[in-house]
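*Asks:* The residues making up each chain are set out below.
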Amino acid sequence: MSSDERTGLYVESTIIMTTVRVVSPFVLTFALFVMFHGANSPGGGFQGGVIAGSVVMMLAFAYGIDAARDWLDVRVVAALASGGVLTFAAIGLGTMLLGGNFLEYHLYEQFISHVVAYAIELVELAIGGIVASVAIGLFFLLAAGFGHAVDSPEDES
Amino acid sequence: MTPLEWGIVVLALVGAFFGGVASVGIVRLPDVYTRTHAASKSDTLGAVLAIGAAALAIQTDLATIKAVFLLVFMFLTNPTAAHAVARAAQDQGIEPWTAGDEEGES
Chain C
1 MSSDERTGLY
11 VESTIIMTTV
21 RVVSPFVLTF
31 ALFVMFHGAN
41 SPGGGFQGGV
51 IAGSVVMMLA
61 FAYGIDAARD
71 WLDVRVVAAL
81 ASGGVLTFAA
91 IGLGTMLLGG
101 NFLEYHLYEQ
111 FISHVVAYAI
121 ELVELAIGGI
131 VASVAIGLFF
141 LLAAGFGHAV
151 DSPEDES
Chain L
1001 MTPLEWGIVV
1011 LALVGAFFGG
1021 VASVGIVRLP
1031 DVYTRTHAAS
1041 KSDTLGAVLA
1051 IGAAALAIQT
1061 DLATIKAVFL
1071 LVFMFLTNPT
1081 AAHAVARAAQ
1091 DQGIEPWTAG
1101 DEEGES
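If you read the protein sequences in the order shown, they are chains C and L. Note that my numbering has the first sequence beginning at 1, numbered continuously upward. Note that my numbering has the second sequence beginning at 1001, numbered continuously upward.
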C-alpha cells in the first residue's frame, strides 16, 4: 500500500490539465451561445449558467480544488450572483415604474429601439450569472466538507 | 437504399453495439478500474459512431457542423474523464482486482 502516504495530497495530471486547457474556452463560448439562444431555441440562462459554472469545476479538478479556491476570489462569485439579481430586478421593476406590469419589456421602446430583444438577452445573462455563481459556490461548499463549516466564523455552530 | 443510407444504418448499428458492450461491462466487471475501462473505450466509440450517423443523416449544414463538434469534444473529454476517475481511485488507494480474488483485498 505505497499509495497510502500520499492520500490527501493532490498531484496534478498532465493529461487532465492539457484537456481542460484546450476544452474550457470552447465550453465558455458554448455557455454564452446557450444563454443568448434561450429566447428562440432550446437553452437559456439556467442551462448556460450551469455550463459556465462547470468551467470552474473543470479547472478545480485539473489544478486542485484548493488552488482553484485561492485563484477565484469569493467576492467575484458573490458579486456575480447579486449583480445578476440586481440586473433582473432593475429590468423587471423598471417597467413597473413606467406604469406597466413586471418585465413588460416593450415599455422601454420609447428610449431604445428593438429593446425587447436586448432586454430578454440581458435577463438571460443575469440569470446565467446567478446560476453559474450559485453552482460554483455549491461545488466549493461540497468540496470543503463538514470541517469547513465548523471553523468558518460566520457560521453559528 | 443509397450507399449513404447504408452507411448511416451501419454506423448507427455498430454504435449501438458498442454502447451495449459498454453497458454490459459497467454492470458485469468487478471493480472501478475495469468498469472505467469499459465505460471509456466502448462508450466513446459507440457515442462517436452514433453521432457520426446522426451527422450524416441530418444533412443540413449547421446541424452537421454542430454534430461534428460534439463528436470531437466527446472524443477528447470522455477518455479524460475516465482517466480522472481512475486516477482518483488510485489516489484513494483502491487495489486493482486481479484474477484469483473475488474482491480485491484491502
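Hints are computed from structural coordinates only; laboratory data are not their basis. Hints may contain errors.
As the list claims (entries may be wrong) - Here are some of the chain C residues that sit facing chain L, going by a computed Cβ distance under 7 Å:
#1 T14
#2 I15
#3 I16
#4 T19
To be verified - Some residues of chain L that are not near chain C, with every Cβ distance over 12 Å (derived):
#5 L1011
#6 H1037
#7 P1079
Just so you know, even glycine gets a beta-carbon here, dropped at the ideal spot from N, CA and C.
*Asks:* Report the numbers of all earlier hints that the structure fails to satisfy, in ascending order.
*Replies:* 1, 7
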